[in-house]
Structure formats: C-alpha cells, structure tokens
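Engineer: In order, the protein sequences belong to chains A and B. The first sequence lines up with residues 1289 to 1723 when you count with my numbering. The second sequence lines up with residues 645 to 1225 when you count with my numbering.
Since the hints were derived computationally from the structure, they do not count as laboratory data. Fair warning: this is a prediction, and the values are worked out from it, not measured in the lab. Every residue, glycine too, gets a C-beta built ideally from N, C-alpha and C. A few of these clues could be false.
[What the hints assert, rightly or not] Using 27 angstroms as the maximum straight-line C-alpha spacing, the simulated DSS-like pairs for lysine-lysine come out as follows:
(1) A/Lys1494 x A/Lys1672
(2) A/Lys1667 x A/Lys1403
(3) A/Lys1711 x A/Lys1403
(4) B/Lys933 x A/Lys1403
(5) A/Lys1481 x B/Lys1197
(6) A/Lys1494 x B/Lys1197
(7) A/Lys1481 x A/Lys1469
(8) A/Lys1544 x A/Lys1469
(9) A/Lys1667 x A/Lys1369
(10) A/Lys1369 x A/Lys1655
(11) B/Lys1197 x A/Lys1672
(12) A/Lys1481 x A/Lys1494
[Stated by the list, open to error] Away from chain A, derived, C-beta distances all over 12 angstroms, residues of chain B:
(13) Gln897
(14) Val964
(15) Leu971
(16) Leu1140
(17) Phe1166
[Claimed, not checked] Over 10 angstroms on every C-beta distance to chain A, these chain B residues come out as not near it, computed from the model:
(18) Arg727
(19) Glu738
(20) Leu740
(21) Arg795
(22) Arg824
(23) Gly943
(24) Arg991
(25) Asp1020
(26) Glu1021
(27) Asp1100
(28) Ser1101
(29) Ile1142
(30) Arg1204
(31) Leu1215
Okay, here's what each chain looks like letter by letter:
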Amino acid sequence: MSHHDLLCDPHVHLSRRTLLGAGAGGAMLSTIAHQLAWADAVGATESSRPKNVILLWLEGGPSQLETFDPHPGSAIGGEVKAIPTSVPGLQIADTLPRVAEKMHLGSLIRSVTSKEGDHQRAIYNIKSGYRPDPTLVHPSIGSILCHEFPEQLDIPRHISILPQNAPARGGYLGPVYDAFKIGDPQNPVPDLKSPIAADRFDRRMKDLQWLEDRFRRQRLRDLDQNRTLHQSSTDAALRMMSSEQVSAFDVSSESKQTLERFGQTPFGRGCLAATRLIGAGVRCVEVTLGGWDSHITNHSLQSARCEILDAALAALLDRLVEQDLLETTLVVCGGEFGRTPQINPAEGRDHWPHGFSTFLAGCGIRKGGLYGATAADPKLDPDKPLADVASPITIGDLHATILSTLGVPYHEERQTPIGRPLKISEGEPVGAVLA
Amino acid sequence: MKQFFVSVAKWSWFGLLMLIAFGYMASGLSDPSDDRRGEVEAASDVRLDGSPPSVVRESTDLEPTDVELALRETSGQAESIDRVVAAVNAARNEQLAAFGLQSAPPADWMASCRRLSLALIGSGVSLQEIRGLENLPVDRRESTHLSNLLRDPRFHDYWAERWTRFIVGADEGPFIVYRRRRFRHWLSDELAANRPYDQIVGDLITAEGLWTDRPEVNFLTVTFDSNDGNPDPIRLAARTSRAFLGLRIDCLQCHNDFLGNVNLGDPVETREGRQQDFHQLAAFYSSAKTNGLQGVRTGEADYEYQYLDASETVEVAPAVPYAAELLPEEGDARSRLATWVTHRDNRQFSRAAVARFWALMFGRSATEAVDNLPLDEPLPPMLEPIVDDFVQHRDVRRTIRIIAQCDAFRVDSRATFDVTPQHEERYAVFPLTRLRAEQVAGSIVQASKIKAINRDSSLLVQLIRYGSINDFLERFGDLGENEFSKDGITIPQRLLMINGNMLREAGQPNPILNATGHINLFARDDAQAIETIYLCLLNRYPSTDERDYFINKMAERSDRAEALEDLYWTLANSTEFTWNH
C-alpha cells in the first residue's frame, strides 16, 4: 500500500493552501472564474435574526456538465447547450432556464472535490462534512445548527422532506438532533394526527398517566428527567399535535398558481413546504431529489431531473426573497459528487468526485459570485485528478463555508462521546463566496 | 476438409478456454472437505427431541432433555458454572459493601424471564411461553426458559444480527461484493452450533474465497469500497482492535497518542500508543488480496505508509501493539494475527468478549463504552471471574448462562430504599435500560399474538412481523452500530408510539390475527381479559389496584373490544413496556 486514502492523514488530505496552489497551475482554464470570482453585488446578512438553512440534496450524483458547469461543443460536453444567466458572463446548462434567471442571488462553486466515489460514503461526507469513520457518526449540518442554537418550538426544528437513503442524523450529538422525516407535503405529516376520537384519546392519556405515576414509585428519583424523558417527550408530542405551527407542513392552503410555480412535483411541494417551515421558525429543512445516477442515457435522465429542479429552485428563491427570508436563510443545492467528463458506451456518465458544482444563495453568500472551474479539455490523468480543476475546494471547506454563514463557530472543537475532541468542521471557509 | 480442421481447432480452443475458466473459478471456491460449515448444524435444524425449541412444550417436556442433560454431564458445565456465578456474586457483594449500598431483593421469575427474552431474542415473552412455564415449579422456570431460548433459532438469528453490527457495521456496504444477510445467516449457524467464539473470530480474520461461497469473507469485503475493490487494512485494523480486543486505537491512524488515551506495549507496564502501532496492525491485512472471481486470497503482506512528519513512504512490517511474545513466527500474516488475537494468554480478547456479552444481556455496557477497555484499566470486579472462565472455555452460551444466573441480572429494578444512580451503576438494583428500536417493535408484534412467533409460525404471521418491524424501524430510527446509547426517546418516536400504524394494527381486536381479538372472544370476564393483556404486554400479572382500576374503566365502556384495544395501547405506551427493568 503506497498511498492510502485515510480518514485524516495530513499527507493525503491536501491543505486548502496546497489545493489553491494546485489550482493556480490550471489558471489558464479559469479565466472566467477569476473574472467572476469577485462579483460586484454584495449580499448582507442581518445579525439579529436567526439564521436558517435549506439544503436541496440532489441524491445520486447530478452531472455538473448537464447542470451548472456545461462545456458545450467540447469532447466532454455531450448534448447540452449553455445559456446566459442573470450574472453577466456566467452560463449554465440549458436544462435550467429559470434557475439561470436567479443566479445573481447567490454564488456558484464549480470546483468541489472529494475522495468519495461511492454513493453511501459520499452522501455521508457531503451531509456531515467528514468522511465515514467507524469510530463515530458525525452530525449533519442541520443537527449542528440546532445544537449550537437551542430554542423552543412546538414543531421539530430540523426536518427532512422526501428523505431517501440517508436522512440527516444527529450523530454524536444524539438522536434528538435527527431530522424529523416527512414525505410529499401533499400528504398528512405521519403520526401527527390521532387515529381515534378526541374523548377516547383523552381517556387513553389519562390511563397512561395513572400507570406512569405507579411505575415511578420505588425507582430512581426524578426518573423522567434523569433517565427516561418519557413524560417530557409525551408532553412535547402532544404539544406538537395541537400546535398551529403544524400548518406550516401543509401546502394545500397555497394557491394553485403558487403550487404550479414550484412545479406540481413532490420535490416542488417539498421546496414550498421548506419556505413555510422556515417562516414558522424551523432552522433547517433538507429536501431530497433523487434519480440523478445516470450511468446510462445520461442526458435524458439529467434533463428530466433538471426540469423538476429548475422550477422548484427558482420558485424557492423567489419566495424567500418575497418573504424577506433569503437574507437569513442559506440555500444550498448540490449532490454527493458529479459525473465523469467521459461519456461511457451506454451514453451515461459515471461517478466523479474530482470537480463538481454546488450552488449557494442567501444568508451572507456573495451575490452573483462564481468560484472555481473545470477544464473543457481535461487531461484526465488518474494520478493528478485535481489538475483539471481550478481553485479546488474540499467538502470540509464547503462545510466550513456553510457553517460560517450560519454563525456556527465552525473551527471550535466539541467533545464526542468517545472522549475525542473534534472540530465542528475540518475545513476553512471559501472567502471568495462570502459577502 | 480444411474447414473441418479449422472448426475442430476452434472448438478445441474454445473448450480449453472454458476449462481454464472453470478451473480458475473452481479453485476459488471452498473445498467441501474443509468446509467448516459442514460440521455446523443449520440454525433451522437445531431441534432437541424433534419439537420446535421456541415453543414451550407441556410441562413434562420442559424438563431438560436427555440430550441436554448428557451435554451438561459431559462437560461438567453446571457445577463449574455455579462456582463462577458464586464468584461474580461475591464480587458484587464486596462492591456493595465497600460503597455502603443495600441490594434490592431478587426480581420475580417473570421479570427475569422478560429480561432473558429481550436480551436473547429481542422481544418479550409470549403468552404461550408464560403459560408453559407456569406449569413448572417456580425454582425451575427461569433456568428452563433460558435453556429453551439458547436453543431457539430466534436467539441465533437475533444475536447474529447484533454481532453483525459490531463486526461489520449496520450499513448496507458495497454493492454486489458485500452480502450482509449472508454473513448474518452464517453467524446464526455458528451460534446454533455453539461454535467457540475464538474459532469464529479466527475464521473472520483468516477468511478466504468468495463472499457468496464463504460468508465470513464479507468481514473483508465490506471494506472494499474504500480501497479500490481490495480489503482495506486501515478499516480492518480499526475494526479488529475495537470489536475483538475492545481497544480504540483509531486515533493512532494519524498520529501518536498525545492525550494519554491509548496505552499499549506491555499490558502491565504500558507505554503511549504510537502511529506505528496502528499501521503495523493494519499491515497484517495487506496480505488479503482480491483475486478476481476467486474472491479474497492470501498473498504477501506488503504495506507501505508515510508517517506523520516523515518525508517518504516506508515499508511497514506486520507487528502487534502489545504482548508480542504471543505472536507466532511462522505462517501467513493473517493466520499469525488470528492466533495472536485469540491466544488464551491474550486476556484482552476475553475481556472484550465478556464485556460485549454482558452489554448485550443488560442492554448497557458495564464500562463507559463496550469497545474501550484500556489495557491497563481493570474491568468491573464482577466481570473478572467471567473473563477467567471465558479464557478457559470460549463458550458463548456458557457465558450467557453465567451472566443470566448472577444476582446482578436477577435483582429487582425497584427497591424500598431511595434508589440512586450509584445503585444502578453498582447493580444494587437492575439498571433501567431503554429498549432498542427492534426490541420495541419485536415486543409489540409478539404481544399482539398468543403464540410465540418463530420460524414455525404461519407464513402470514411471519410476513406481518417482518413488514411491521421494518416499517417501524424506518420511522423510529435505528441506532446502527451505536448499540448501547443512553439517549431518551425523541418526539418523533413518541409520536410514532402514540399515533403510529404498527401499534394501531397490533392492538385492533381482530379475532383472527390479534391477541386482543382472542381475548375479547374467550376471556370469561373483564378481570381475566385485563390479566391476559397484562401478561401479553408487560409479562406480569396486574396488581390488585391495577386490576380494579381497569375493571372500573371497562365497566364505563359499552364496547369491550374497544376498551381492550385501548388497554393494549396504554400498556404499550408505558415506560414499563419500552424499558428493560
């Protein structure tokens, strides 16, 4: 074994300075990136209002070439075309025409890199900022945010809409920080409504209370607070069942026009619900759109997914602006990795963690920014995968960027249950995309 | 004619290629003559006197069978177990005296049997089992229940799943090359045959062949995704040290220990852990090579690594992090490692195993973490006699019997004195432990049936159980490898218990599928109906005031079936049901 990929080997994990150095070598392929890196418009964040995040996870590995980083006309470009956006000089794929009109609201990073090319491990990596580690489970972004800024709300403050294989987890912070999972918002929130009549439900609860009082006798003092949390969790569950805040989950009260703006899809409704939930005080909502794993017929698969994403993302940004929430709400849109520049014999693209795109908007993110670039004519040297990427950033850096905009002290250490202090994020924020 | 010879030559060439391909593939398959699984009875085949082991038989059948008695006599187990149990109890008493703690009285047999069922099969005791045990003298009920469970396929399957979690993890792992279910079935078979633990671990470390043909190979293939389709020495070293040795040396992967957390070297006079310790251990696994369709084969250990602050990569020879004198000099790298890990004088191996089994029985670790047993720190005194015994016998069932019979396991969870956390910590009372998600789900499903749900249950019942538990786990959440988390219940979990489908469907008074329906039809009066539902869910009889309270409640209701459904819901939502006590 000559050079093994490790969890935290400083010789293998290049520092950001090193990465930037490597990227400088490929500066010629990133003229546009450097031109646009310092965009003119600057966002501003109000420090007094709580900060929130909406994470649009494109699970399966969206193709950067068919979304935010097209190279039309090149050997790797495929069938995609590029279209201008609301940011002068910036073009994205023609699969996202409505999003193109909103690019001025945020910054696009085209140079995210990771060391994980397997879905499961890469999803863990992108959601937690750390590579899988057998010793502990790292918390996801929403869990960290809720842990760092505790507050009282009737409904969960961390919600996962349409979770697929890996809903956000509290990890070493505890399951209390796990995301509350719901499906398509047009359906009722699971387990929230009692299936029986109110008087019968009340009788049940009364009987339960009577039993619980008896169970506590001759046991640990303050059993509920010191150990089981049974009563307090029951009270909180009942509070949630009767809370008016629950209506934030329900998109049926929205006008038909609004629903259509988001696209009449589960993901679109998820994005609409996300805006409602953030408005109700929820700190983190992740909405998942799967189906991006296009090993065959890449273009048609990616185009179909983009149609859903395009309407939902554009409408989400519009809505947040309309409701004056974008200044305090970070929107992150990306997948666990990108797809290969080469098109395989089945007209598909395979997994590619060496340079893919993530779009960030709101909450202190520079408006109209662009950072990093990938080569239109990559050398594809397996020993130097980053040679084709200008200004590469790591998943750790991406996380530090996200957490810093949310006001989380990303560089601080937290004690883990295994007695090992661990930094909230192991990366450094990308200053160029911060306002 | 020429065409004929060309055709013959082509077909001969094709045949030769096929023969070579077949030979290549066949050489990777296991040799039937040395297939150890041939010696192992399949879990489903393990039956004593021809009856389903999980089904409680008539009272006379509950006597230890001839086969069992013969086994006991042959090994002289019972007598020597008593000595170990006495030593464990003496250690507990000394500890309680030293801390000035009073012990709670022993729990009744029903509470003990519930603990056994939760620990060994992941659900409560069925009404059928309770009724069967009640036909025995009181002093034989616990031991009989334990014997029944140990030869029950439900135990083999449940512990196989729990072991799978700590051996290969809870994730789905790499596609195609990793077959988690196959691995779990293999473990179930090994448990059914009561194969010595050291032999099972040895098989894992030295596994060779295809992951489908030799299920133990999945211990290696689960790491393929992080090492380009080869066994990953880094992950395997971390897993070996944590799972089999109870040592967390993961930090040493990147740097020397500077926090004083990892002490290695001589177990008596330890030294600070070094980065070399980790990578020298990993080097053993570099001898495991993927060889195409032959699966994993053994080659030369050829591990290289660039240490922190070093300027270049160096070759790393396999070496062990402590007790090097136990490492054989001859043999291939993984065989040497397996011999060292499981060596009788490598006490850390037995410490880790006993700590693990203790935690599985109690639902919580006896130490701060079950996989963090520093070499230079003693185990709680109660565990030491069990470790001594395990060093000799390596017998999983025997260890379970010892733990199950000791006072710490059989003591009541409540007491007339003021119970403090220290009482629980020192096992003066049985420590309250939250049930794992699958234990809650398993108990709900079992409580909805009169008979024990096992492999002999109808296909429909088994399907309902499988589907219900999977749905429940998806909503409730799975702790994954975090086996012994001390977290309380979350709000979504409470909502699931209060309003969820599984509990609603399990409690419905359906006379064909559910216990509540049976009870409603056949209970002669409300008192008997209440008593039976208590037995199904809480595995105990209601106290007098509980019975009176619910009789009065039922008298107020016009629909007895609905009232029973509500009682089922109430009991299932209680702390008593969702916690081990």
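Engineer: Could you work out which of the previously given hints the structure breaks and list their numbers from low to high?
Structural biologist: 1, 11, 13, 16, 29 and 31
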